[in-house]
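Below are the chains, spelled out letter by letter.
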Amino acid sequence: MKTKRLALFFLLLASPLLAAIDTVYLEVAVSGVKAIPMGIIPFEKLGNDLPAMEEQPNQILERDFFLSGRIETNTQPSYSRLAFFKARAAYYVSGALENEREGKIKISCKLNATQSQELVLGEDYHVPPSQVRQAIHDFADKVIWQITGSKGAASSHLTYVGKVNNEKQIFISDYDGYNRIQVTKNSGINTMPAFGADPDKLYFTSFRNGPSQIFERTLSTGTTRQLFPHLAQQTFCPAPSPINSQILFTSTAGGVSDLWLGDTHTGKAEQITFKNASKTSPAWAPNGRELVYSADRGGSPQIYAMQSDGTDSRRITYLGHYNENAAWSPTGDRIVYVSQEGGAFNIYTCATDGSDVVQLTSNAGSNEHPVWSPDGMLIAFSSTRSGSAQIYVMRRDGSGVTRITSGGEYTWPAWSPFTQSNSKGDTP
Amino acid sequence: MKRITLAFTGLALLIIAGCSNKPKQELTATDTAAKPAATTSAKPTPSHDDSIKNAQIQADQVEATRLETQRSKLEEMMNKLMSAEIYFEFDKAILTDKAKELLSQAGDILQKEPKLFVEIEGNTDERGTESYNMALGGKRAQSVVQFLTSYGVAADRLKSMSNGAEKPKVQGHDEAAWAQNRRAAFNVKIKK
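The listed protein sequences correspond, in order, to chains A and B.
For reference, each letter of the first sequence is one residue, going 0 to 427 in numbering that gives the first Met the number 0.
For reference, each letter of the second sequence is one residue, going 0 to 191 in numbering that gives the first Met the number 0.
If we strip away everything but chain A, and leave its shape as in the complex, we get (with noise of 0.2 Å):
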């Protein structure tokens, strides 16, 4: 029996389904935001039998707290006043796990203040196992809510597609990789995915019925539909709406690709561009009014803005040959894309006016899509660096690359919006 359970375990191990997260750490503060000290004790474990774990609760925040950019972590083995005082840590996290009735774990978790031990907010999970990292997300979150005001994006989702028997399926997440889910399982290529402003629904492009046309997925029902049927010509690249039904999306007629703006309560849908140039990868700004896009006027591809209704367009990049895949913070100031050169495509932030240039990658094997976390601390991408594609965070000035995907080969990253028990939290 217990051979059986230890054999399970690293058959699971061993399975292509965990994550394996490695992360490159690199000492850098997140431009703009001074991140916080915050002390870690590792959780208690209160009985017996607990189930294996591949990480520890204080690894899981450790990684969080990191990842969000927002606060630096200071790990002791117990409760020591003298070391988070030096860290200038005024608080420090602590907690237990203990088994409960009908395989469940209890977890307490604990945000006190250094100085007086006295509890700031403490939260306690009845989980099965598998959940016990989704209950440490939470926490996460809810500490940095309390902290810093801010939400994060510890218990966010992450879809992207993977190439399973040579074909291309969608796959949904957590932000770190862990509690993978596939999504669609017909025979044909499914890719482009994107959450909806309501995280239950997902977008993507399938050539499931030949040309490729776009479709909504709604998660917790299964339910698939292909939108916009009475287009008659080819569909990808949906863009949902960050705060409304609608979604842009392009469509190709006659040679020429324009972006078009559709409703997906009311499938009606209209054309928004319409010059004799290539347009795609529509991309929304957070106030769900102004998009980015690229065009091939000058015969490659480059970055515009432009509002929704088509009116205002305006050129972004100038640097660079290839500019593509651009997505707005949801923060509203910066503006991330690829540019290629000598045959690899590199992530480069930008202001929204074009100015500001930073390069986030290089020297590193092609890094395409990038992504940007709900709260916009993070920027999710699709990198070669370690042989085939792989599903990779790192923070918004480049730093803390971590690869959350392993074997196989994924691309095109998409975050899901803050899930709802981000909100949850009292206010700081």
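In case anyone wonders, no lab produced these hints; they're calculated from the structure.
No experiment lies behind these values; they were computed from the predicted model shown.
Ideal placement from N, C-alpha and C gives every residue a C-beta, glycine not left out.
All clues given are correct.
Estimated spans, in silico, between C-beta atoms of each pair:
{"no.": "1", "chain 1": "B", "residue 1": "171", "chain 2": "A", "residue 2": "220", "range": "35 to 43 Å"}
{"no.": "2", "chain 1": "B", "residue 1": "103", "chain 2": "A", "residue 2": "229", "range": "33 to 41 Å"}
{"no.": "3", "chain 1": "B", "residue 1": "51", "chain 2": "A", "residue 2": "164", "range": "54 to 62 Å"}
{"no.": "4", "chain 1": "A", "residue 1": "229", "chain 2": "B", "residue 2": "49", "range": "48 to 56 Å"}
{"no.": "5", "chain 1": "A", "residue 1": "79", "chain 2": "B", "residue 2": "176", "range": "58 to 66 Å"}
{"no.": "6", "chain 1": "A", "residue 1": "225", "chain 2": "B", "residue 2": "170", "range": "26 to 34 Å"}
{"no.": "7", "chain 1": "A", "residue 1": "196", "chain 2": "B", "residue 2": "88", "range": "39 to 47 Å"}
Since chain A is already given, all that's left is putting chain B on it; use the hints.
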């Protein structure tokens, strides 16, 4: 009879040549025979019935022979068309001289045979972003459409679509593979 779709790859052609001759003939036979059979059974007048039947059988045979001749002729033409995959230079949708030569031959066949209509699929190599490759594939397909329409083929017999980099002909990460994946491919159909 519905439109008969023929895949453009050699393998598919072999399969079609090997397997689909009979079903196709059967389809044709039942299709043309269906209506007369219904009318004769509806009017059971014995004296006229036999002569109508015989005339009908003869007409069917003539029609079947004609269709079969036409079919094999079309198949030969399609073989020629489908092997004429049109290659492009990196990040370009402009037709090369070689491509124009092949397309002229395709144009000749299409002008001779008005029952053929063509879907043109634009493809790109794996370099470039996924979304821009979709746009580029569309431009490539359209380059072919434009050449053929200016060659005299009616626009409503031509349809363009893009596969982006999603349907590579050759797997591989080098110029040899990329060169073959930057292509337009024909998907030829017979209009009834």
